[in-house]
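Now for the letters of each chain:
4 protein chains.
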Amino acid sequence: MTRRIAIVGAGGYTGIELMRLLFNHPRAEITCLTSLEDIGEPVSKSFPSLLDRIPVPLETLDVEKVAAKADIVFTALPHKAAMGVVPGFLKAGKKVIDLSADYRLQNIKVYEQWYQTHTSPELVPEAAYGLPELYRERVRGARLVANPGCYPTSAVLALAPLARDKMIDPETLIIDSKSGATGAGRSVGINTLFCEVNEGFKAYGVGSHRHTPEIEQVLGDLFGAEVRVNFTPHLLPINRGILSTSYAKLTRSCTTEELLEVFGEFYRDEPFVRVLPAGRLPNVAAVRGSNFCDVGLVCDPRTGRVIVVSAIDNLVKGASGQAVQNMNLMEGFEETLGLDILPLFP
Amino acid sequence: MTRRIAIVGAGGYTGIELMRLLFNHPRAEITCLTSLEDIGEPVSKSFPSLLDRIPVPLETLDVEKVAAKADIVFTALPHKAAMGVVPGFLKAGKKVIDLSADYRLQNIKVYEQWYQTHTSPELVPEAAYGLPELYRERVRGARLVANPGCYPTSAVLALAPLARDKMIDPETLIIDSKSGATGAGRSVGINTLFCEVNEGFKAYGVGSHRHTPEIEQVLGDLFGAEVRVNFTPHLLPINRGILSTSYAKLTRSCTTEELLEVFGEFYRDEPFVRVLPAGRLPNVAAVRGSNFCDVGLVCDPRTGRVIVVSAIDNLVKGASGQAVQNMNLMEGFEETLGLDILPLFP
Amino acid sequence: MTRRIAIVGAGGYTGIELMRLLFNHPRAEITCLTSLEDIGEPVSKSFPSLLDRIPVPLETLDVEKVAAKADIVFTALPHKAAMGVVPGFLKAGKKVIDLSADYRLQNIKVYEQWYQTHTSPELVPEAAYGLPELYRERVRGARLVANPGCYPTSAVLALAPLARDKMIDPETLIIDSKSGATGAGRSVGINTLFCEVNEGFKAYGVGSHRHTPEIEQVLGDLFGAEVRVNFTPHLLPINRGILSTSYAKLTRSCTTEELLEVFGEFYRDEPFVRVLPAGRLPNVAAVRGSNFCDVGLVCDPRTGRVIVVSAIDNLVKGASGQAVQNMNLMEGFEETLGLDILPLFP
Amino acid sequence: MTRRIAIVGAGGYTGIELMRLLFNHPRAEITCLTSLEDIGEPVSKSFPSLLDRIPVPLETLDVEKVAAKADIVFTALPHKAAMGVVPGFLKAGKKVIDLSADYRLQNIKVYEQWYQTHTSPELVPEAAYGLPELYRERVRGARLVANPGCYPTSAVLALAPLARDKMIDPETLIIDSKSGATGAGRSVGINTLFCEVNEGFKAYGVGSHRHTPEIEQVLGDLFGAEVRVNFTPHLLPINRGILSTSYAKLTRSCTTEELLEVFGEFYRDEPFVRVLPAGRLPNVAAVRGSNFCDVGLVCDPRTGRVIVVSAIDNLVKGASGQAVQNMNLMEGFEETLGLDILPLFP
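Heads up: the protein sequence lines correspond to chains L, B, S and A, in order.
Okay, so the first sequence: first residue is 48 according to our numbering, each after it adds one.
Okay, so the second sequence: first residue is 48 according to our numbering, each after it adds one.
Okay, so the third sequence: first residue is 48 according to our numbering, each after it adds one.
Okay, so the fourth sequence: first residue is 48 according to our numbering, each after it adds one.
Hints in this document: simulated from the structure, not taken from any laboratory.
Incorrect hints may appear among the rest.
Only some residues are given here: those of chain A computed to face chain L with a beta carbon under 7 Å [stated by the list, open to error]:
no. : residue
1   : K249
2   : L283
3   : T298
4   : C301
5   : L328
6   : A332
DMTMM-like, lysine to aspartate or glutamate: derived pairs with alpha carbons at most 20 Å apart [stated by the list, open to error]:
no. : chain 1 : residue 1 : chain 2 : residue 2
7   : A       : K296      : L       : E218
8   : S       : K92       : A       : E304
9   : L       : K296      : A       : E304
10  : L       : K213      : L       : E304
11  : S       : K296      : B       : E218
12  : B       : K296      : S       : E218
All figures in this text were calculated on a predicted structure; none of them were measured in a lab.
Where is the CB? At the ideal position from N, CA and C, for every residue including glycine.
Could you put the whole structure together from the sequences, leaning on the hints where they help?
Next comes the structure, spelled out in structure tokens:
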């Protein structure tokens with residue numbers, strides 16, 4: 048049976064990406080789209096690529112009305128705005144996949160320190176952190192999924208096998224990430240103008256980016272201990288893609304090949320994680336438009352460190368694709384349904 | 048029943064795009080890939096985006112061996128190379144969709160004037176020009192389809208309604224086209240290096256581009272008379288997309304709205320041509336990765352001209368997507384099978 | 048003696064480009080910068096590239112105060128805002144180079160039809176249209192220069208030799224132009240976001256762009272008759288550069304070489320117009336950062352048309368560089384002073 | 048008195064950048080250009096941006112002939128090729144600024160381990176490592192300058208103040224660098240095609256890039272001890288610019304402001320190093336086309352690490368601009384002569 052889908056926040060980049068993916072999902076039908084603008088208009092007014100294919104008009108966000116039209120609600124809103132509506136949808140008996148940060152951090156104090164006061168802390172414990180490669184079973188049974196952040200997805204998938212087996216010293220962990228400009232969303236400002244981003248490259252949020260505690264929470268789970276990392280995001284002059292380069296001291300001497308074997312084993316049955324053979328490293332261009340996370344690594348015997356490189360499309364595995372993957376799990380569908388597509392290259 | 052597919056010339060950009068599209072085609076199975084390099088290796092060696100998804104190894108082009116493995120052959124070769132193998136595939140009883148220019152020009156003299164000596168002129172009369180919007184019935188019955196050039200596809204779809212109804216003076220026709228860099232193929236040279244193309248823009252082949260006679264042939268068919276146009280291609284610093292801006296004097300006074308109605312009527316049942324409403328014009332970004340051709344237009348009462356703007360993805364509607372559309376017609380499949388996907392934006 | 052320079056509107060892209068060029072001008076000293084924002088701050092707060100080199104703080108636009116600090120005022124404001132202050136600067140005895148459209152159109156009715164009511168029409172007749180290649184003597188004696196639009200500069204320099212000698216039929220003139228995104232200025236909006244422009248290409252303002260009457264005015268001067276053209280601007284996903292491709296029927300048969308000779312003669316003593324030899328055509332990348340206008344052409348004997356291609360950097364020859372060239376003429380300096388720099392390639 | 052300049056290897060990107068900078072140098076005159084191709088042609092045949100401005104024809108590299116025409120020779124050749132001609136130029140009494148890696152590593156064994164056999168090891172001890180900020184006096188007296196690599200320039204300038212004062216633990220040093228595509232030179236290959244680089248991002252040479260020992264040599268000098276670092280280069284889809292993000296454990300607790308003061312002091316009299324105030328970080332776009340190195344930093348009290356970010360234009364401060372700076376020092380000119388230009392933004 049087909050599920051009726053509402054996308055709350057259809058005017059942003061994760062919103063349009065959900066539409067692109069769900070359009071080809073055999074068990075999903077988009078029945079409701081909300082937005083702040085262009086109410087009553089077809090969504091293609093704002094996104095011409097959707098012309099003639101998504102006939103649903105945009106409507107104002109009214110929890111009750113949306114709930115009446117949908118079985119599953121994707122909330123593609125900024126943090127804070129999300130927690131303003133998620134409780135309502137749950138109360139109405141809907142399943143919610145929340146793409147904001149509001150239900151990702153299990154420790155409310157940490158959330159409130161990096162974000163702001165939480166208005167529905169009682170829902171946090173039941174929210175499943177929607178990284179299927181680590182929390183698949185929790186997602187299956189959840190009515191609320193906190194869809195992971197884009198940077199954390201790329202970093203955690205790069206480090207999980209090493210963290211679980213304590214093959215690296217968490218004290219030495221450095222994550223240097225680079226993201227395409229869709230990561231900044233569709234809001235206007237001088238800093239995201241074409242001419243300000245194009246042919247440029249910079250770091251931002253150094254030492255203070257809000258994805259830091261999220262990365263630390265998941266790695267902490269894996270290490271079984273508190274972890275503190277340096278995480279530095281950068282802005283790439285491309286539309287899509289995150290590449291994370293992670294560094295850590297190995298706790299025992301090993302070769303690139305040995306570690307690749309560990310990774311291969313860890314991700315053996317994962318449909319969306321591709322471990323690259325020795326001598327090859329990921330490129331964001333090779334995952335564009337797909338739900339893949341490509342991972343490669345090198346051990347440097349000169350310094351005793353491992354360098355792990357991972358690449359995702361921040362709008363797919365880093366947001367909307369992972370959200371659909373979570374929906375598939377929640378609904379008992381084949382996990383890859385609607386997502387078994389190849390990257391768009393070039 | 049599934050068709051077995053061979054792609055001859057799997058190392059180029061139209062080759063990889065065929066793989067991307069056919070991977071999700073429910074009635075096609077890629078069984079054979081040929082290349083000049085990396086023989087015996089998986090195609091993902093050269094195209095990492097395909098890793099773990101296209102298990103077919105590359106092989107040398109041997110007509111007999113390829114024919115034994117496939118029902119349908121896509122020849123994604125340069126002109127001249129294509130006509131070296133197409134006759135063999137036909138002789139072996141295979142259907143062929145040729146993406147080169149070799150069977151597009153019905154007048155052999157014109158072909159030989161713009162290209163070189165034709166080595167299988169006897170096949171030209173039976174080759175269907177694979178632009179379904181104009182030649183659908185011919186394609187259905189064909190065993191050899193000459194898949195149109197990228198520029199001609201964009202230009203002809205922009206002008207066909209006007210040409211058929213003689214609403215423009217063919218003597219005044221100017222087609223100013225701009226193409227992304229995949230149009231130059233994957234061959235190496237100083238001119239296609241990143242740093243030479245990026246942040247640049249230029250015209251090339253002015254007055255001499257080989258797609259000129261192809262455009263003139265199809266427009267001549269529609270006008271019922273010989274046509275000579277000025278066609279100027281330009282190189283855009285983007286991967287994908289052609290935008291053609293066409294100019295012509297109107298033979299009678301009319302408004303933008305009236306002409307849009309003619310276009311709407313002409314393309315009413317076409318799944319892949321989207322006629323934009325008045326006040327809106329196409330953008331290559333809105334068709335990226337899809338088989339759409341978006342068309343918009345403006346009548347300028349100051350000069351009595353119509354300006355028609357059309358946009359396609361040169362690798363999809365301009366090459367591999369149209370080839371799959373032709374395959375669907377030849378095989379009696381639903382015409383949109385495997386092609387009903389939304390553009391990747393942004 | 049050094050001239051004291053005020054730049055009114057220092058927060059935009061033509062403002063920063065004036066600073067870059069004047070920084071190396073041996074006879075100019077920037078003494079005053081006005082802006083709407085960051086008053087009291089160094090201009091490098093908004094433009095980090097200027098750090099430590101332009102120590103002048105930003106101030107509010109007060110005509111009297113600005114006039115007291117400067118000998119020459121560059122007004123880099125939007126149209127309408129410019130004519131609000133230009134009369135005041137002239138009254139204060141300053142020379143003004145206005146980069147807006149407000150004093151370009153000699154026919155006030157035409158101005159008011161394409162823009163809005165003119166509030167200082169009495170100044171229009173004395174404003175020199177600052178295209179030195181055509182109006183050098185007028186500029187030399189002027190106290191007010193209307194610096195040309197970027198598109199008109201590229202189009203007029205491409206067509207002037209043909210227009211003056213009536214070698215083309217003005218009825219057949221089509222100008223297809225493509226501009227980098229700095230042409231849209233530094234104002235915020237969805238349409239100029241990185242992700243909306245990058246990997247895209249579109250036409251805009253078709254049949255209605257305000258540079259149309261400006262092009263027609265100058266070409267009309269040259270033809271000695273009223274001219275109506277089709278001018279179509281497009282948005283390129285690059286920072287800088289305009290390439291214009293112009294088409295017209297030749298009034299008599301001639302070859303590419305013959306026309307190039309006419310162009311070579313016409314521009315023989317021009318320091319900033321480079322006529323390319325036969326077989327070569329301009330690229331915006333080859334003029335980036337310089338005051339050059341590169342021009343190339345092809346005669347097409349098949350259609351009797353000439354295709355002229357011209358390239359400029361829209362911020363230099365299309366705005367700030369031409370403004371400095373005009374200042375040099377007004378002040379009796381060597382015309383190339385501060386402008387004899389090579390393009391930045393790649 | 049003007050110096051006569053030869054550029055050996057004028058067909059590459061560092062060659063053209065030398066021409067751009069020297070064209071505006073008041074004491075330099077380009078008298079000789081060598082190349083492998085287009086012998087006898089003007090250099091603008093290969094680089095249209097130089098049209099009409101650099102009238103010197105290309106010639107074959109003949110050490111004697113070149114030496115006869117020049118006082119100073121810039122060798123812009125690949126490593127190995129450089130050491131084939133440098134000894135000849137020195138023997139002919141010329142000063143040489145070598146942009147290759149051949150004379151950078153003082154330890155011949157290290158050179159031979161990372162490159163190949165050295166054919167003029169006797170010249171290495173007298174070669175001055177041309178990073179003026181650290182080795183100014185040595186450069187002044189040198190007849191042979193080894194112009195630093197682009198990555199080492201960006202990394203060393205970011206870390207020198209910390210290394211000299213031993214404020215960081217060298218064991219913990221990680222340098223994550225990202226370079227524009229001009230860093231790969233102008234040689235052809237699939238990997239540097241526009242469509243392979245555009246909209247992509249990847250790491251390369253992980254654990255094995257040849258700039259590693261060069262960085263270690265200079266940092267070792269500053270620390271007074273052997274240093275081993277992890278250096279990871281990445282390829283940015285832009286033309287120009289390197290941004291390096293460096294991480295290290297602080298040896299004592301300190302704040303961002305305190306460290307910035309150390310940097311400010313260290314670089315107080317340096318014309319080309321700009322230390323950014325607290326809260327601001329470099330962007331490659333803000334140094335494009337200039338000889339600046341911008342440096343910013345953040346101390347992270349959570350992890351006890353400092354993160355230093357530095358940006359240069361790899362073709363200017365990372366190659367040709369630094370070479371001109373070295374020439375100025377060698378010739379006793381003002382150090383900033385010909386280099387006091389502002390970045391091209393946007």
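Checked hints:
no.	hint	verdict
1	K249	holds, 4 Å
2	L283	holds, 6 Å
3	T298	violated, 16 Å
4	C301	violated, 14 Å
5	L328	holds, 5 Å
6	A332	holds, 3 Å
7	A:K296 / L:E218	holds, 11 Å
8	S:K92 / A:E304	holds, 19 Å
9	L:K296 / A:E304	violated, 29 Å
10	L:K213 / L:E304	holds, 18 Å
11	S:K296 / B:E218	holds, 11 Å
12	B:K296 / S:E218	holds, 11 Å
Hints 3, 4, 9 from the list above are not met by this structure, while the remaining hints are.
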